[in-house]
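Student: Going by this note's numbering, the residue at position 110 of the sequence shown is 110; the numbering climbs one at a time, nothing skipped.
No lab work stands behind these hints, which were simulated from the structure alone. Keep in mind that the hints are not guaranteed to be accurate.
Said to hold, decoys possible - With a straight-line cut-off of 30 Å between C-alpha atoms, the simulated BS3-like cross-links for lysine-lysine are:
1) K182 / K55
2) K211 / K31
3) K250 / K24
4) K202 / K150
5) K202 / K24
6) K194 / K245
7) K182 / K169
8) K150 / K24
9) K182 / K140
10) K80 / K202
11) K253 / K30
12) K245 / K169
13) K169 / K80
14) K20 / K250
15) K211 / K245
16) K168 / K31
17) K250 / K55
18) K169 / K55
19) K102 / K80
20) K80 / K168
21) K147 / K26
22) K140 / K169
23) K24 / K168
24) K55 / K147
25) K168 / K55
26) K245 / K202
27) K80 / K31
28) K169 / K30
29) K55 / K150
30) K31 / K20
31) K194 / K147
32) K211 / K30
33) K30 / K55
34) K20 / K168
35) K102 / K168
36) K194 / K250
37) K147 / K80
38) K140 / K202
These figures come from a predicted structure and were not determined experimentally.
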Amino acid sequence: MGIKMVTIDIDGTLVNSERKLTPKVKETIKKASDLGIDIVLTTGRPSIGVIDLVKELGLENDHSFIITYNGGMIQNAGTKEIILRHSLSLEDYQDVELLSRKLGVHFHTQDADTMYTANTDISPYTINEAVITGIPLQYKPVNDMTKDIKLVKAMMIDHEDILDAAIKKIPQEYYDRFSIVKSAPYYLEILDPKATKGESVKELAEHLNIKQEEVMAIGDNENDLSMIEYAGIGVAMGNALESVKNIADKITKTNDEDGVAHAINEWVLNDN
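Starting from the given sequences, assemble the full structure and let the hints guide the process.
Tutor: As structure tokens, this is what we get:
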């Protein structure tokens, strides 16, 4: 057997531009899973934003997994057991929240169950994130945040031009302390330095005794670069950023052309 694990980004990759699964993608993933191949949904979404997809794909089994918060948490898709979690401390939160105010951008943070914002003028992108993922949104002033809240990630969110201008002003010390990645034109994610998709895919593969060359990763955006670089076969979607295509081993069709199904059929099922 060649590929034993397929790790798949969700937005822009697994789902089409209407954020829906197509019949061909569902059929192909089921076929791969039935052959015993580990399917790993790997996303910036919180865990709650993946549950419906896991059910729709029939991945509620002990050899399917979800990597959420861009690598912040690894769980078994069937049992919901947390295999690994990389958290931010209260001090981390306070530092990056203060930085967001200095830079003039909106900000929110998340634990496993809730999204928190201290912004009284809540960003429409924060609301959008809550609606898309289904995670409850709570206004919580900075002074009300406590150490018992296990934060998985923080996000600077704003209009693209505002966010891009702010990114240019982030001091290098923050890049040294955190994993910082832009997951969408209006989302900048700030996580524990070990919380990247690539690192978490590596940690899960090692946990399952799967070799690097037995992993295929499929994605489209900047936050997918690390896992595509790690995988034995790194696949860029046809709709991927050029930076992703440039480092990928293979390029598949777009997410509106069943690109995930094409990749699995072409470079996994044909070899097993």
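Student: Which of the numbered hints above does this structure break?
Tutor: Hint check: 8, 13, 16, 18, 19, 20, 21, 23, 24, 25, 28, 34, 38 fail, others pass.
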